[in-house]
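Trainee: Sequence:
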Amino acid sequence: MGERGQVLGPMVVEQSPRGERAYDIYSRLLKDRIVFIGTPIDDVVSNL
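Residue numbers for the sequence shown follow our numbering, so the first one is 1 and each next one is one higher.
By construction, these hints were calculated from the structure, which means they are not laboratory data. Note that this is a predicted model, so its numbers are computed, not measured. Only true hints are included.
Taking CB as the label site, the calculated pair distances span:
(1) 8 <-> 34: 18 to 24 Å
(2) 45 <-> 12: 25 to 31 Å
(3) 8 <-> 31: 14 to 20 Å
(4) 16 <-> 42: 38 to 44 Å
For every residue, glycine included, the Cβ atom is placed at its ideal position computed from N, Cα and C.
Kindly generate the complete structure, drawing on both the sequences and the hints.
Mentor: Rendered as structure tokens:
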């Protein structure tokens with residue numbers, strides 16, 4: 001894997017009774033079903 005594959009972004013640590021788990025920020029947001037769309041939603045985009 002090249003250098004790009006080794007770059008780490010912001011991490012979030014989640015604590016639960018089973019222990020701790022670290023997520024990259026984008027995986028954690030996706031787990032909460034939070035997604036960022038870079039364009040307004042219109043008829044064309046909504047059909048993707």
